[in-house]
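Protein chains: 2
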Amino acid sequence: MTEIAFQDFYPDHMAHCYGCGRLNEYGHQIKSYWEGEESVCYFKPEPYHISIPGYVYGGLLAALIDCHGTGTAAAAGYRAESRAMDTEPALRYLTASLHVDYLKPTPLGIALVVRGKVKEVKGRKVVIEEWISANEIITVHGELIAVQVPDQLVQELLQVQK
Amino acid sequence: MTEIAFQDFYPDHMAHCYGCGRLNEYGHQIKSYWEGEESVCYFKPEPYHISIPGYVYGGLLAALIDCHGTGTAAAAGYRAESRAMDTEPALRYLTASLHVDYLKPTPLGIALVVRGKVKEVKGRKVVIEEWISANEIITVHGELIAVQVPDQLVQELLQVQK
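In order, the protein sequence lines correspond to chains A and B.
Take -8 as the starting number for the first sequence in the numbering used here and just add one per residue.
Take -8 as the starting number for the second sequence in the numbering used here and just add one per residue.
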């Protein structure tokens, strides 16, 4: 496991995400790291992240697949170019699509393990396969397609909303 | 639009969901209604539900697709049997899988409209097509497969966690 999480390399304007932004004080602030060829994120849901009492609600699990997936996509993009995440030019990724299969109910009250594996890096598109385990039992399987967006486009989006 | 939301018919033990449970004081408490053949839910994200500043984060959009979808599935199940949601036997649905396509960035600061349409009711399985609009522009498309679970199974799950 490296010392600095993927998300801690995001520039400030990409670090406000409720799921993974280090600058969002209300958010989940998930942290993802390489562990060999897989990426990993440990996350303990809050007691109120309920589906039915005792189990984690599906929206949070989808959010973990989303943010761990885009984090892994970013890290994979840099890895594909054999360079560190703090080197230029910066690579920015947004989620194009997300698929989540809920295999079993996910128990609440313990740290979940979210793992990711790069299935494909093709041009601007990165496909990440993911799974979430609780007590070493896989409860969720996911797949995410992330697309690299030019920083210029991100800047334009930020300008429109000002 | 009917007066009582789909979620307000859920029995207490199914009403703690962070996305849609009326008994979860920390959660989103979304409300879904029929509007002709479509179901609709209006939801205004909080200012901190950010992806990049000014836009809604994907995890919340997935959560809306999830909970509006299971609500619509439940309502569709009763409709398929031509009976009201407060009649017995009760029908309980959980999400089996969720697919979300993020078509455009979704602006923050306005009420979003989540719409659903029943694609299929086949035995215990219900397929719901959904889309989210902001300022009348569709920004997200989703599809959800919900499965009806016997209340006995729900009760067993609740017991395990006690």
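Take these hints with a grain of salt, some might be off.
Any copy will do: because identical chains look the same in the list, a pair fits if it lies in one copy or spans two.
Unchecked claim - Calculated pairs, SDA-like style, for lysine to any residue (alpha carbon to alpha carbon, straight line, at most 25 Å): (1) K35 / L14; (2) K116 / R74; (3) K95 / T78; (4) K95 / A75; (5) K108 / Y39; (6) K113 / A102; (7) K113 / S124.
These are computed hints drawn from the structure, not numbers from a lab.
Each hint, compared with the structure:
no.	hint	in the structure
1	K35 / L14	both (19 Å within a copy, 22 Å between copies)
2	K116 / R74	within (18 Å within a copy, 47 Å between copies)
3	K95 / T78	neither (40 Å within a copy, 28 Å between copies)
4	K95 / A75	neither (37 Å within a copy, 29 Å between copies)
5	K108 / Y39	neither (29 Å within a copy, 29 Å between copies)
6	K113 / A102	neither (33 Å within a copy, 36 Å between copies)
7	K113 / S124	neither (28 Å within a copy, 30 Å between copies)
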